[in-house]
Every structure is written in C-alpha cells, then in structure tokens.
Amino acid sequence: MKITLKLYATLGAFLPPGAQRNAIDLDVSDGATIGDVLARQNVPRETCHLILVNGIFSPPANADARELVDGDTLAVWPPVAGG
Amino acid sequence: MGWTGKILRVNLAKGTCTPEDLNMDWAGQYLGQRGLATKYLVEETDPKVDPLSPDNKLIFATGPLTGTCASTGGRYSVITKGPLTGAIACSNSGGYWGAELKFAGWDMIILEGKSKKPVYLCVIDGKAELCDASEIWGKSVWDMDPWIKSRHQDPMMHVAGIGIAGENGVLYSCIINDLHRAAGRSGVGAVMGSKNLKAIAVRGTGGVKVDDFPAFLAATSAAKEVLAANAVTGEGLPTFGTQVLMNVINEAGALPTRNTRDVEFEGAHDISAEAMAAPSGKDGKPNLLANQACFGCTIACGRISKVNEEHYTVQNKPEYWHASGGLEYEAAWALGAATGVSDLDALTYANFICNEQGIDPISFGATLGAAMEMYQDGALTEKDTDGLELKFGSAESLTSAVELTGRAEGFGKELGMGSKKLCDKYGRPELSMTVKGQEFPAYDPRAIQGMGLTYATSNRGACHLRSYTVSSEILGIPEKTDPLVTDGKAGLVKAFQDATAAVDSAGLCIFTTFAWTLEDIAPQIDGALAGKWSVDRLLEIGERVWNLERQYNLQAGFTAKDDTLPKRLLKDAAKTGPAKGLTAGLDKMLPEYYEARGWTKEGVPTNETLARLAL
Ligand code: SF4
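Here the protein sequences line up with chains A and B, keeping their order.
Start counting the first sequence at 22; every next residue gets the next number (my numbering).
Start counting the second sequence at -16; every next residue gets the next number (my numbering).
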C-alpha cells in the first residue's frame, strides 16, 4: 500500500532521497504500523514526540500497535512548541 | 523586595515626573505587571473613557521577578484601555527594556494627560525628565532608537517607543523595544501616540533585591534545570522557534487560511521553520541566521533573520540587508496564510516593516486578509485601494500594503482601522475575523475547539496568549485533550486563563509553562518576596486578575453578547482536514464556562464570586 511520510524539523534528515517539502510517498507492506515505517527510516524512536495520522494525534507510545491503511499521511515531529 | 516599591508618575500635560510609593497592599493582592497595573488603571480611570483621549492612562509595568536571575525574568507589560477594542489592553514584551527599568529603580511608570508637543521620557536611575522629540517625530523606530542613544551618548540605554503608525493612530500600532520586541496587541502604540509621547529611554545601574537570596537562588537554579531538561524548552524552542508550528497546525487542519475561508494552506511549508532553515539566496545562506534570547532567558526562542538581498523588496534598499528579528509563528501566519502569500522573503520584509514602524503583524495581516476577500467579492475596488490589486496570494500587495499602513498613507490609513471597522465601512461586517474588535490569531476554532472559547472570552479581544489550550489540545502539554470536542474545554480554558494571568503578573515569559507548572514558579516568587507565596495564592491572584479585567470590560459597556465568534466559525463547517464538517461549538462551552467562573448566565461575576476573590 502507499502512504505519505512527513518528517519535520530535525527528523527531516531521516527522509530518503527524493523527498520534497519534508514529504515522500512510500510503498509499505499492508498492515505496516507507524513503528515499522519509522524503523525503516532509522528514525530514533525517543525523538518522535508528536505523531499525527491524517492530522489526528496518535500517541507515540502506541506507535508499534497502530496500523496504517492505504492512503494515510503519517507526520512526525521531535519536541516542538510555539505560540 | 522583588518590587522596588517605587512608581514614576508622569503628567504629560504639566510636564512633571513624580516618584511615589508602590501600594504594597495591592502588590500583595495582584502581584505585579499585568495584575497590579490593571488594579491601578481600574482605580484611576473611568472604563468608559475614550482610549485616545488625554483622560486614558498608559502604564508600563514590570513584575517582581523582572530584572532578577529567574529565567525569562525580563518581561514588562503595557496596560491601558485599547483603541482597537474599547476593552482593557495588556500587551507583554520581552527584550531588555523591562529589566532596565527595574535596574533604574522603578516598578512601574504611569503616564497621564497629553503633552502639548512631541516628547520622549528619559529615565536614568532615579532621575526622570521629558525631552523634546520634535526631531524624531515622524521617524521610524529604527531611526528613533539610535538617535536617542546618540543624543545621550549612551549605547547601553534601552528604548521602547512608537513608529509612524503609532503617531498616526493606526489602531493596532504597537510599542517596540530593543528594535524588534513588541508590546504588540490591541493598539497600545496608538495610545502612546495620542499622548504625543514618542519613546521611553531607560538606563539603570542598580540591581533588584530579593527577600531570601539563598532560597531564591536555589529555586531559580532548580527551575532552570527543569527548562534545560525539558525537550520542548531545552531543545525544540531554541532550535526551531515558534515557527515550527506552521506545519503542525497545517497538518492538523487548523491553519486559518485566506481570511479563514480554508483551514489548510498549500503554501504552509514555504513559510515554515523548515523553509527558514533551508539554504536560499545567492550566498546559499538560509533566511534564519541565529536564535536570540530576551533578558535572563535560558530558552532563547527568538529568530534572527535576513531578507535575500536579491529579493524585489530590498534589491535597491541596502538599508534592509541587515539581520533583524525574524518571523515568529503568529506573524508568519498572519502575513502569509491569512493573505495566501507564500513568499518567505516578502513575509520577512513585511515583518521588518511591522517592527520598524510599530504595527502588530497579527492584526495587520488579518485585516489585509479581510480586505482581500472584500476585493475579490467586489465590495472593494481599485478605486478604494488607490490602485492596489488586493488579490489573495499577491506578495506585492502584501509588501505595498504594509509600507502604506506603516506610514499611515493612502489605503494604508483604512487598513490601519483594523478589520472590524474596515469591513463595517464597506458593508461586509461578517468578513471581519475578530472578537471584541481584535483580529484572532493562527488557530482555527473549528479544529481546536478550546481556542474558540479562548477567543470569545479573552478580556483583550481575540488572543491566543490568554489561554493557550493549543498546548493541551495539539501538543499534549501538560496532558493531551481532543481538539475536536467541546467536552471539558470550559474548565481547561479557565485553568489556563488563571495560571497565565499569574505568570503575566510575575515578570516571566509564558513560554516557560511548556515545562514549568506553578509548582516551579511559586518557590521562585516565594524566594524573591516577603510573605508566603504558594501555588494556591498564585492561582487565586490569577483568578482575581481575570475577574477584575472582566469587570472593567463590563463597566466599559461589553456584555455576554460580545463573548462570541465570527459567524463564519459558528455556521460554516471546516471544508477539509480532521475538522471537516465541524463548526465551533461555542454555544455548548460558553454556559459551562460562565458556571465554572462563578458568573451569572449573563456573564457577570456573582456577588459570591467577587466576595471570594476580595473584589
Ligand atoms: S522564551 Fe522566547 S519570548 Fe520568552 S523570554 Fe525567552 S526568548 Fe523571549
């Protein structure tokens, strides 16, 4: 299945070549979890503080259990805030 | 201690500067800065006063921790009745000016009346005098600040003042200190201009005494360790600044775009922290050059940026080739997403002009967004705009409009009225994205429900800094709540409002609260001040301040009817993103909020509430 992976701020360094605007479309196996996708890109898990799937919060502690579906957009940030 | 115990009262009509003792009973009840200055304003002025008349007062106030070694202890606030809203105005700024005022030996400056001719106030330690400003009237902040330092032969002075916008009554003009830090919102700069007061220059050589130095040092050191160890304040904010939110809020479908018609902006990435850090321009240097800290701050979230020298805005203006205060999230949103402009250099330039001339980029950008929608709908034509083609997405329109507004020239004068008056004038009041006359900032209340209640109930008109529930609803700090539901938001907003009012009264920066709770703050205040300062006492002060501000607004003529949102948010559902199909659920949250506050159904504090808070 196809998903869109977006890695922001310092995590952008873990995107594969060809990524644009911090995003890339990836083919992943059916039933892949958030954890599988992050492991594939060697993203250190302790740096993943904010995870949104299609814009909706997904608890980082739950990353290995949360399965993605075709067409999902997975966006991940290190610790960030603002105002 | 903590407080200097001294106020400087300046009568601009008479030209007098008179020291007086701080009312220590009030300091015990209202702490300082936002709370204490509000108490003075309430006691000394009629809430129905015309904000731009000589009878309005303008108060510059520090907190007890301002100028101490507490992290971020450099803040001051400007308190007055706001001309943009007609409500109480309280605008908070960082930089170095607030600490310098304490070093000069003053907690507060109260300015009253109106000077016959342009003046600036010069405060050097215990000595204060009004000086002729005729040579700098009509000059920008960036020209005025070095002129004053040179005139006094003192580069160590810190200057807070207005640009051309404030002199000309742009209703959202701000007061800029240290060249690019701003007491930004509600038009406090226009009040300063109405008094013929160009600037306040301060030089102090004293220190700030604290009550129990070992306890204070232990508490402030421990609190700094908390900031350093926290992933957000120790790493996220210094590295990326607030601008990292651009992609977060856009991904969450909560980025008000093109006057809030949309909730996602296709150009968000181009104006984000990531874009600011990417190489650009002929020298390959990024827009972002460095981060910067305000006085005593161990977070250092500030951005220092440069406009690409080849960009059309500056290619023939080398005076803008230097580095200066760069885009923060709110400014980037207002100048960018709200107008549909995704040219990062144009935004950086527009932000420079906002700092140079002293205008609030949030209200300016949001007002321009409303004007663009009216232009697109035909309610505004090129005849009205002096030939400006106000198309959504046009960088040229943005940069021309900001120059005109900064100088209060041509159509810039109309933009300077703010979106409410502008949309009223051209017959489209529903297109003004304001509450109580103030433009709201960078979060769509349909996708972050708590922010709808925040905007509707903010005492200074729509604002994110009165209860930043984004922290909980999007970022999960201190704990995650669902941004799409209204349940529990009344209590959440009240808790954020009260805690924020306490922090704003202490002299600290609200960004500390991404890591600190009042449990970290109370021991610092307790070490600095005589008496016992517990978390409960701070929360009570926060609630007291909130209710005092509310009473001021009620007496100024506001009612529960003003605790509302633009129809677009209440009736038109979000078109895309997680909030697709949702409107702002204010009708559900507002009655719960009044009840949680101990107010009547009409939004008026009950006698029991007032008695409980000793008001
Ligand atoms: S956190 Fe940012 S805004 Fe607050 S005091 Fe520090 S540098 Fe200034």
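Keep in mind the hints are simulated off the structure, nothing from the lab.
What you are looking at is a predicted structure, and each value in this text was computed from that prediction instead of being measured.
Be aware that a few hints might be false.
Unchecked claim - Interface residues of chain A toward chain B, partial, derived using beta-carbon atoms under 7 Å: (1) Met22; (2) Tyr29; (3) Pro37; (4) Pro38; (5) Arg42; (6) Asn43; (7) Leu47; (8) Leu73; (9) Gly76; (10) Gly92; (11) Pro100; (12) Gly103; (13) Gly104.
What the hints assert, rightly or not - Not the full set, but computed from the structure, chain B residues with beta-carbon under 10 Å of chain A: (14) Val227; (15) Gly236; (16) Ser255; (17) Ser307; (18) Glu311; (19) Ile460; (20) Phe497; (21) Leu565.
For glycine and all other residues, C-beta sits at the position ideal for the given N, C-alpha and C.
Comparing the hints with the structure gives:
| no. | hint | verdict |
| --- | --- | --- |
| 1 | Met22 | violated (20 Å) |
| 2 | Tyr29 | holds (5 Å) |
| 3 | Pro37 | violated (17 Å) |
| 4 | Pro38 | violated (16 Å) |
| 5 | Arg42 | holds (4 Å) |
| 6 | Asn43 | holds (6 Å) |
| 7 | Leu47 | violated (17 Å) |
| 8 | Leu73 | holds (5 Å) |
| 9 | Gly76 | holds (4 Å) |
| 10 | Gly92 | violated (15 Å) |
| 11 | Pro100 | holds (3 Å) |
| 12 | Gly103 | holds (3 Å) |
| 13 | Gly104 | holds (6 Å) |
| 14 | Val227 | holds (4 Å) |
| 15 | Gly236 | holds (5 Å) |
| 16 | Ser255 | holds (8 Å) |
| 17 | Ser307 | violated (20 Å) |
| 18 | Glu311 | holds (8 Å) |
| 19 | Ile460 | holds (7 Å) |
| 20 | Phe497 | holds (5 Å) |
| 21 | Leu565 | violated (13 Å) |
In terms of the numbered hints stated before, the structure departs from hints 1, 3, 4, 7, 10, 17, 21, listed from lowest to highest.
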